[in-house]
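Participant: Listed below are the residues making up each chain.
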Amino acid sequence: MTIWFIKSFLLCLLNVAAALLLSPLCEGLMRKLRAAIHSRIGPPITQPYWDLLKLLGKEDLRSTGGVVYAGLPALTLGSVLLLAALIPMGTVAPLAFAGDLIVVLYVAAMSGVAIMLTGFASASPYASIGSSREMMMLLSVEPILAIALTVGAFKAKTLALGGIVNWQVQNGPSISMVIGGVAFFLALQAVAGKLPFDIAEADQEIMGGPLVEQSGPRLALFRWAMWVKQLVFAFLLVEVFFPWPHFGNYLMDLIATIVKVLVVLVLVTVIDVVNPRLRIDQAMGYFMRVGVSSLAALAFAVIGK
Amino acid sequence: MSIRDQVTVTRVKEAVAARSDGAFLSATQPYADTLHFAIEKRAMRAVVEGLVNELQARFMISVGTDTRPVTGDFAILHLFSLDSEHLYVLLESPVSEKDLRIESITAVIPGANWAEREFRDAIGVHPEGHPDPRRLLLADDWPEGVYPLRRDFPYNYQPPRAENVRPQMREPPAGASVVPMGPFFPVLEEPAYYRLFVEGETIVGCDTRLFYNHRGIEKLGESALTYNEIPYLAERICGICGFIHSTCYCQAVEKAAGIEAPRRARYIRTIMLELERIHSHLLWLGIAGHIIGFETVLMQTWRIREPVMWLCEEISGNRKTYGMNTVGGLRRDLPNQIKPKLLETLAKVEKETIAVRNAVIGDTTLHARTKGVGVLTNEWAKKICAVGPPARASAVAIDARIDHPYAAYDELPPQIATQEAGDTWARVLVRVSELLESIRLVREALSAIPEGPICAEIKEGIPPGRVGVSVVEAPRGEAVHFVLTGGDNRPYRWRVRAPTYPNLQALPAMVLGGTIADVPITLGSLDPCFSCTERLETVDRRTNEVRVYSHAELLEMSRRGNPGGCPRAATRAAPTQKARGGGAR
Numbered sequence: 248m249t250i251w252f253i254k255s256f257l258l259c260l261l262n263v264a265a266a267l268l269l270s271p272l273c274e275g276l277m278r279k280l281r282a283a284i285h286s287r288i289g290p291p292i293t294q295p296y297w298d299l300l301k302l303l304g305k306e307d308l309r310s311t312g313g314v315v316y317a318g319l320p321a322l323t324l325g326s327v328l329l330l331a332a333l334i335p336m337g338t339v340a341p342l343a344f345a346g347d348l349i350v351v352l353y354v355a356a357m358s359g360v361a362i363m364l365t366g367f368a369s370a371s372p373y374a375s376i377g378s379s380r381e382m383m384m385l386l387s388v389e390p391i392l393a394i395a396l397t398v399g400a401f402k403a404k405t406l407a408l409g410g411i412v413n414w415q416v417q418n419g420p421s422i423s424m425v426i427g428g429v430a431f432f433l434a435l436q437a438v439a440g441k442l443p444f445d446i447a448e449a450d451q452e453i454m455g456g457p458l459v460e461q462s463g464p465r466l467a468l469f470r471w472a473m474w475v476k477q478l479v480f481a482f483l484l485v486e487v488f489f490p491w492p493h494f495g496n497y498l499m500d501l502i503a504t505i506v507k508v509l510v511v512l513v514l515v516t517v518i519d520v521v522n523p524r525l526r527i528d529q530a531m532g533y534f535m536r537v538g539v540s541s542l543a544a545l546a547f548a549v550i551g552k
Numbered sequence: 145m146s147i148r149d150q151v152t153v154t155r156v157k158e159a160v161a162a163r164s165d166g167a168f169l170s171a172t173q174p175y176a177d178t179l180h181f182a183i184e185k186r187a188m189r190a191v192v193e194g195l196v197n198e199l200q201a202r203f204m205i206s207v208g209t210d211t212r213p214v215t216g217d218f219a220i221l222h223l224f225s226l227d228s229e230h231l232y233v234l235l236e237s238p239v240s241e242k243d244l245r246i247e248s249i250t251a252v253i254p255g256a257n258w259a260e261r262e263f264r265d266a267i268g269v270h271p272e273g274h275p276d277p278r279r280l281l282l283a284d285d286w287p288e289g290v291y292p293l294r295r296d297f298p299y300n301y302q303p304p305r306a307e308n309v310r311p312q313m314r315e316p317p318a319g320a321s322v323v324p325m326g327p328f329f330p331v332l333e334e335p336a337y338y339r340l341f342v343e344g345e346t347i348v349g350c351d352t353r354l355f356y357n358h359r360g361i362e363k364l365g366e367s368a369l370t371y372n373e374i375p376y377l378a379e380r381i382c383g384i385c386g387f388i389h390s391t392c393y394c395q396a397v398e399k400a401a402g403i404e405a406p407r408r409a410r411y412i413r414t415i416m417l418e419l420e421r422i423h424s425h426l427l428w429l430g431i432a433g434h435i436i437g438f439e440t441v442l443m444q445t446w447r448i449r450e451p452v453m454w455l456c457e458e459i460s461g462n463r464k465t466y467g468m469n470t471v472g473g474l475r476r477d478l479p480n481q482i483k484p485k486l487l488e489t490l491a492k493v494e495k496e497t498i499a500v501r502n503a504v505i506g507d508t509t510l511h512a513r514t515k516g517v518g519v520l521t522n523e524w525a526k527k528i529c530a531v532g533p534p535a536r537a538s539a540v541a542i543d544a545r546i547d548h549p550y551a552a553y554d555e556l557p558p559q560i561a562t563q564e565a566g567d568t569w570a571r572v573l574v575r576v577s578e579l580l581e582s583i584r585l586v587r588e589a590l591s592a593i594p595e596g597p598i599c600a601e602i603k604e605g606i607p608p609g610r611v612g613v614s615v616v617e618a619p620r621g622e623a624v625h626f627v628l629t630g631g632d633n634r635p636y637r638w639r640v641r642a643p644t645y646p647n648l649q650a651l652p653a654m655v656l657g658g659t660i661a662d663v664p665i666t667l668g669s670l671d672p673c674f675s676c677t678e679r680l681e682t683v684d685r686r687t688n689e690v691r692v693y694s695h696a697e698l699l700e701m702s703r704r705g706n707p708g709g710c711p712r713a714a715t716r717a718a719p720t721q722k723a724r725g726g727g728a729r
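So the protein sequences, as listed, match chains W and L. Position in the first sequence counted from 1, then plus 247, gives you the working numbering. Position in the second sequence counted from 1, then plus 144, gives you the working numbering.
Keep in mind that the hints were calculated from the coordinates and are not lab data. Please note that the accuracy of each hint is not assured.
[Said to hold, decoys possible] Some chain W residues well away from chain L (every beta-carbon gap over 10 Å; in silico):
| id | residue |
| --- | --- |
| 1 | Leu-267 |
| 2 | Pro-420 |
| 3 | Ile-446 |
| 4 | Met-454 |
| 5 | Leu-542 |
[Stated by the list, open to error] In silico lysine to aspartate or glutamate, EDC-like type, Cα no more than 16 Å apart, as pairs:
| id | chain 1 | residue 1 | chain 2 | residue 2 |
| --- | --- | --- | --- | --- |
| 6 | W | Lys-279 | L | Glu-439 |
| 7 | L | Lys-515 | W | Asp-528 |
| 8 | L | Lys-483 | L | Asp-507 |
[Claimed, not checked] Selected chain W positions facing chain L (Cβ under 8 Å, derived; list incomplete):
| id | residue |
| --- | --- |
| 9 | Ser-286 |
| 10 | Arg-287 |
| 11 | Ile-288 |
| 12 | Asp-298 |
| 13 | Leu-300 |
| 14 | Pro-372 |
| 15 | Asp-450 |
| 16 | Gln-451 |
| 17 | Glu-452 |
| 18 | Val-517 |
| 19 | Asn-522 |
| 20 | Arg-524 |
The beta carbon of each residue, even a glycine, is placed where N, CA and C say it ideally should be.
In isolation and in its complexed conformation, chain L is listed as follows (with noise of 0.2 Å):
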C-alpha cells in the first residue's frame, strides 16, 4: 500500500470519527481497497454528510440485513466509493428490533431513495424522513408487516389472496392529463410503467411503478444454494450481461474468501467482458434506431452483432449464458485456436462498427431527435449517483475498470471516453467509442494472455461472517456485487445491483419539459435493463384452445390447487410452459 493510499485512508476515518459524534463503534480494513466502519445509528445522516460533501464519496447501494440471528439486531450498510482513491467505504449501523428506524439519508444523496425504500420493503428497517413512502420492490397484493429478506421467512412462502390491488400512482398537477406507458409497451421489452404527466404534447411530470416481477434471487441465493450454485443463477440476472454479474458474484465471494484467481482466468473474463460489451452496444445502438423508427440502423447493427454471439458460442457453447464462471476462476479454457477466428471476426466487426458510426454521425435528422433531448445535467447524474455510459455522457469520469480495477483491468486499462453534452446524442457518441474501446482491449488480452491454470484450487471452507465487495463495469454500467459470507456454505446476504437501478433514477429529471415523442429515446439512451434492477422472471404460457378468461379466472386458475397462489399450479391449466429471462431480448 502506498503512502499516499495511506494518508486517503487516515483522511476518511478522522472525517468519519469527527462526524460520528461519540457514536464511533469501530473501524476495520479488511482488504486495502475496503474500509469498514461501524457506527451508531443516530450518527448515520452527519457521517454521510462528511462523506459526500468533504471526500466526495459515490453512494453506490444500501444493503439491508437481518443479522438478528448472529449480533441480536438488523444491520444497515451503506456502500459508498470514493472513485479516484480506489477505495471503497461501508458504513454499518445497527438497528434495534425494538426501535426499527433509521434516518433516512435520501435528503443529502437523492440516489438513495430506491435503496433505502428496497431496504424498507426487505426487512423493515423505516427511513424516517424519507420521501416517499410507498412501495418499491414488493408487490401490490403483498401484505402488509411481512419481509421478504429476514431470515424467518421461508423463501418458498406463498402470500395469501388479494383482490383488486392497484399501484398507488400520484396524480397529474392540476392542467395536466395522464399519458400512460406500459406495464406493457411496445418499446420496452420488461414490464415498467410510467405515467406521463403532459399538457398537450410538453412533460409537466412523471411517476413510475417498476419491479413487476421479482424474482427473489437474492433471497434464493442466501436461503437455498451454495458458493458454487450462485453464479448459475447470478448469470440469469440478466439476458445481455449475464457474464457481468457472475463475474461480479465470484470476484466478490474470492475476495471475502481471499482467494485469488489465476492470471490466466482474469484475461478470459476480460475477454469475455469485453465480448459482452461489444454485443451489448451493438444491440443498443440498433434498440435506439428502432425506437426512433430507424429499422435500417436495427437490422444492420444486429447483423455486425450475430458473428459476436457466434464466436461466444463457439468458447461457450451459448451464445449467452456462458456458465464459465466458478468461484475461484473458471470452469472452461479459452482454446488457443480460436485466436485467429476471434481476430478476424473482430476486424469485420471493427469495420462495419466505424461504417455505420460515420453513417449515423452525418444524419441530420438523427441529430434532430438526440441533441439536446433528454439532458442529464452533470450536477444532477453526481446526485443521482449516475453510473455508466449516461454518467460519462454527463462528464462523470467513472470506469469501474479504473477505479476499482479487477480481471486483468489492471494491466489492461481502458481509455475512457466522455461528453459534455448530457444529452441522448453524446450516450450514443460514448457508447460508440466504448464499442471501438472494447475491441482493442479484445484484442491486447488476446496477445497478453498467459498460459497457465484456470482456476484456483480451494482447499478450505469460506469463513462466516467477512464481507466482500466486487463491482463489473457492465455496458449499462458499474455491477455492484456485496457478500457477506455464511456458515452453511453460502453467503449470509448476497446483495446485487445493477447499473439500471442508479440510471432509471434519473429518468423523471431527464424527460421534463420534452415531448411524449422523446420519452422512448430518452428511456431508451440510458440502455435499461428492468430484469437486472428488479431481478425478475416473465413466464409464458401457450395453449392451443381458445377461450377468453376473466381477471378473476385467470387469478383464479394461477392460484388452482394451492392456497397461497403457486406459480407452479399454472403448469396444469396449460400444457406447454416456456420460462425465459426477462432481459433476453
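Bound conformation, chain W alone (with noise of 0.2 Å):
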C-alpha cells in the first residue's frame, strides 16, 4: 500500500513537474515560430521564464478585496496541475484511481471558469465583456471536448483513460476516432486561447478581457496556467486520440509522443498566426458547425467504426 502510494505520488509530481517546468519552453519554440513567420528574430527560448520570473517579483496588486478574488489565480494554476496529474502524459495518468473521464471533463473546465470569475469581480467594464465571451466560448467548446471523449469511452466500454488508450493501441486507428480527434483539435484552439478564437482576450478591442485588471504575481500565475493547459490538452489529444506508433518500448514511445505534441502545437500557432480574429458570434457559430459535425464520430461509433 505504502509502495503504491509511493509510487503514485512520485508519478504525480513527475507529471505536474514536466508541465510546470516544460510549458514556458514550449510557448518560448513557439514564439520562435511566430516570430519566422513574420519575418522577425524573435525573443530568446527562453523568455518566458524570465517574463514569469520577472512578473513573479513584482508588487501584488488587487483591484478590488475578497479571499475568493485572492485565491483565483493560484486555483487557475492549481486547476491545470490538476488535470495534468489525471491524465497520462507520456506514461500511465497517475491519478487514474482518483477519477475517470467525468472528472477530468469537469477539472477542464475549471480554469476556464475561474478566468471568467476573475474578470467578473474585477470591477472593469472591459473584464465584464470579456468575462461574457469567456462564457460563451466555454458553452461552446465543452460539449465538443465531452462528445469527443466519450466517442472514446463508448468505444473502449471504460470511463477510465487509461482504458481508452490500451483500446487505441490495441485496435488501431478508427473513423469515429480521427473524427473525434480532428474536433478536439479544432476545440482545442479555444481552450488553449489561440486565434481566430483569443476572443475573451481580445487586446485590442476590451484589452485583454477577463485580465485586464491583473498584473505582477496574479499575472504570472494566469499566463503560466494558460501555457500548462496549452501543453496538457496536446498531451491529451495526442495519447487519447492518436496513441500510435506503440513501440512497447517505454523510452521511444516518450520520445514519439513528445514529437507528436510538438507537431499538434506547431499547428495551432501557425493557425494562430494566419488567421485574424473571428467575432464571438462567427466563433459560436463555427462551433455549433463543428458540435453538430462530431455527432457524427458518435454515429460512427455506435455502427462500430
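Got two chains here, each in a separate frame; can you build the complex from them with the hints?
Facilitator: And the structure:
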C-alpha cells in the first residue's frame, strides 16, 4: 500500500513538474516559430521563464478584495496542474484511480470558469465583457470536448482514460476516433486561447478581457496556467486520439509522444499566426457546426467504425 | 478659361445672387478656380442651401477670422468645392461684434457640425440653431469667454487653474450601458474618448470627446512665425503625412502671392507625396491587421514599407519630416542618381504588395470580420462630406488630385479606385489599389521629370489681404489649407483642415448596430489621424525615481513656478523630456 502510494505520488509529481517546467519552454519555441512567420528574429527561447520571473517579483496589486478573488490565480493554475496529474503524459495517468473521464471534463473546465470569475470580480467593464465572452466560448467548446471523449469511452466501453488509451493501442485507428480527434483539435485552439478564438482576451478590443486588471504575480500565474493548459490538452489529444505508433519500449514511446505533442503545438501556432480574430457570434456559429459534425463520430462509433 | 467654365461661373453667381435676396455684398474671382462671395449673414443659410441642393457643392470647412482690426467685424467664411467643375466657392459673411451670431448651416449640411463648433470655440461667433452646444476644440478647463483665435489674445497666454473638470458627455439611452473606449486605448495611438452605449455587445449609440491636446498651431503660425518658417511647423502637424501639409500650405501661399513653383519642383512634390501615400497605406494595412489580431499582416507590411522610408531618408536626410518644402518650391533637389535605386525599390515593394494583396483577398476569416462591417452609406458619406478612401469606398468619386489638380497631377492624372459597398472591406480594396496606383505614378513622374530650377525667385513681399485655398489628396483624404495673407510677413489667418476631420464625424453612424468587436476596426478603417485633426502635441517624461503622484500633485507639478500653468515648468521636475509628434507611430 505504502509503496503504491509513494509510486503514485512520485508519478504525480513528475507530471506536474514536467507540465510546470516545460510549458514555458514550449511557449518559447512557439514564439520563435511565430517570429519566423512574421519575418522577425523573435525573443530567446528562454524568454517565457524570464517573463514569469519578472512578473512574480513585482508588487501584488488587486483591484478588489475578497478571499475568492485573491485565490483565483492559484486556483486556475492548480486546476490545470490537477488536470496534468489526471491524464497520461507519456506514461499512465498518475491519478487515474481518483477519477475517470467525467472528472477530467470537470477539472478541464475549472480554469476557464476561474478566469471568468476573475473577470466578473475585477470591476472593469472590459473584464465583464471578456468574461461574458469567455462564458460563451466555454459553453460552445465544452460539449465538443465531451462528445469527442465520449466516443472513446463508447468504443472502449470504459470511462477510464487509461482504458481508452489501451483500447486505441490494441485496436488501431478507427473513423469515429479520427473524427473525434479532429473535433478535439479544433476545440483545442479555443481552449488554448489562440487566434482566431482569443476573443475573450482580445487585446485590441477589450484590452485582455478578464485579465485586464491582473498584473505582477497574479498575471504570472494566469499566464503560466494558460501555457500549462495548452500543453496538457495537446498531451490529452495525442494520448487519447493518436497513441500510435506504439513501440512497447517506454523511452521510444515517450519520444514519439513528445514529437506528436510538438506537432500539435506547431499546428496550433500556425493557425494562430495566419488568422485574424473572429467575432464572438461568428466563433459560436463555427463551434456549433463543429459540434454537430462531431456527432457524426458518435454515429460511426455506434455502427462500430 | 474655357467657355464651359464661364458658364459654370455664371451659374454659381446667379444662384448665389438669387438666393441672397438683396443681402448680396460682392463677388470676386481672385483666381480662375476660386469664386469669392461676400453676403450678409442673414442670407447665409439660404445661399448655402442653394449651393448644396442646386449645384451639389461639397462643404469643405468653415473659417472664422477676427478681422476687427481691418474691417471692424468678425468674418465667417464657408468654403465649398464644386468637384466636377474644379471650382472653389468661398461664402464670406461679416459678423458684427455687437451681435455675435450667425445662422447655423449644420441642419443643411451635417458635415458642418464640427466646423461651426470650432469657430464658436475659437473666436466666439455663435452658430444659431446648432444641435450641439458642447465644446469641441477647447479643453474642458479652459475659461469661459476666452477665445484663442481672436487677435487680441496672446499666443503665449496661460489660462488660470481649474479643478475637477470633466468632459460633458451624453447619458446612455434607457436600458443601455456604457463601455468607454479611451481617452487612452491600446489600438488608438492617440488620445480620443469614445463612450459606446451598448445593449449586450450591440452598439445603440456613441458619444465622443476629442481635441485632447490642441497645440494651437494655427495661432502660432498667425502670430509668432513667418511665411517661410511655417512649412516646418505645418510638416509637424502629422507624423505620417507631414509633406502633405507643408505642400498644401506652400501651395496656398504661392496661390495668394501669385507665385508659380517651377515645373521640376512640382514633379518632385508629386513624387514625395506619392511616396508618402505608399508608406502610409502600407502602415495602415498593417494597423488594420493588428486591430483584428492579424499580426502577420502588420509585420509583413511594415517590413515591405521600411525600404520606402530608407529611400525618403536618402532623398531628404530624414525618414519623415523632410523639410524640403518652401514657399515657391523646394529647398532640396531630387538627385538624379537615385532614380535607378528608387525604381528598383518600387519594383520590390510592388511585387511584395501584390503578394500581400493576394493573401489578404483570399482570407475568408478576414472577409468575415470586414464585409458588411462599419457601413458608410453613399448618402451619408455625401452629407457628412467624407473625403478620401472612405468616401471612394462608398462610391463618392472625389479625389483632390483630379478635382483640383496641383503639383504635377495635371500631367499625371491618377486612376481613382471606387467601390460601392461602403464597408470596411471596400475601404481595404480601395487603399490597396491606390497603393499600386501610387507606385505607377512615381514611375511615370520619374520618367517625365524635367530639368530646371527647383525654386521660384520671390522678388517682392507678399501683399496683404489675399486669399489662397489649396488642397492635397493625403493618404487619408483631402487636406485643405486656407491662407489669408497679412502685412507682417506672416498669414493673417491660416486654417488647416485635415482629412480625418470630416471622416471622423461619420463614425457614430458607422458603428451603430454593430458590436463592440467591430468598433476598433471600423475606426481603424477610417485611418484616423488625431494629431492632424487636432493639431496637438504629446509630451513624454521620464524619471528614474519611482514615486506615485496623485492627480492633484501632477496638476501642481505641471504648474509649478508659474501661476498660469506653463508646460515648461514640468521640465524641472523631470530630468529628461522628450517631445514627439502625436502621429508618429
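Participant: So, as I understand it, the hint says Asn-522 (chain W) touches chain L; can you test that by seeing if any CB pair is closer than 8 Å?
Facilitator: Holds, about 5 Å.
Participant: Against chain L, does Leu-542 (chain W) hold up as non-interface, every C-beta pair farther apart than 10 Å?
Facilitator: 24 Å, holds
Participant: Holds or violated: the hint that Asp-298 (chain W) contacts chain L, with Cβ atoms closer than 8 Å.
Facilitator: Hint violated; Asp-298 (chain W) Cβ to chain L Cβ min 18 Å, cut 8 Å.
Participant: Would the hint on Glu-452 (chain W) stand, with a C-beta cut-off of 8 Å toward chain L?
Facilitator: 5 Å, holds
Participant: Using Cβ atoms only, decide whether Leu-300 (chain W) comes closer than 8 Å to chain L, and label the hint accordingly.
Facilitator: 20 Å, violated
Participant: Using Cβ atoms only, decide whether Arg-287 (chain W) comes closer than 8 Å to chain L, and label the hint accordingly.
Facilitator: Result: holds, 6 Å to nearest chain L Cβ.
Participant: Would Ile-446 (chain W) pass as off the interface with chain L, using Cβ distances and a cut of 10 Å?
Facilitator: Label violated. Min Cβ-Cβ 8 Å, cutoff 10 Å.
Participant: Verify the interface restraint on Pro-372 (chain W): the C-beta must sit less than 8 Å from at least one C-beta of chain L.
Facilitator: 5 Å, holds
Participant: Was Met-454 (chain W) rightly flagged as not at the interface, with every chain L Cβ beyond 10 Å?
Facilitator: 6 Å, violated
Participant: Is the interface hint for Ser-286 (chain W) satisfied, with its Cβ closer than 8 Å to some Cβ of chain L?
Facilitator: With a closest approach of 5 Å, the Ser-286 (chain W) hint holds.
Participant: Close enough to count: is the Cβ of Ile-288 (chain W) nearer than 8 Å to one in chain L?
Facilitator: 11 Å, violated
Participant: Does Leu-267 (chain W) sit more than 10 Å from chain L, CB to CB?
Facilitator: 28 Å, holds
When each numbered hint is compared with the structure, violations occur for hints 3, 4, 8, 11, 12, 13, 18.
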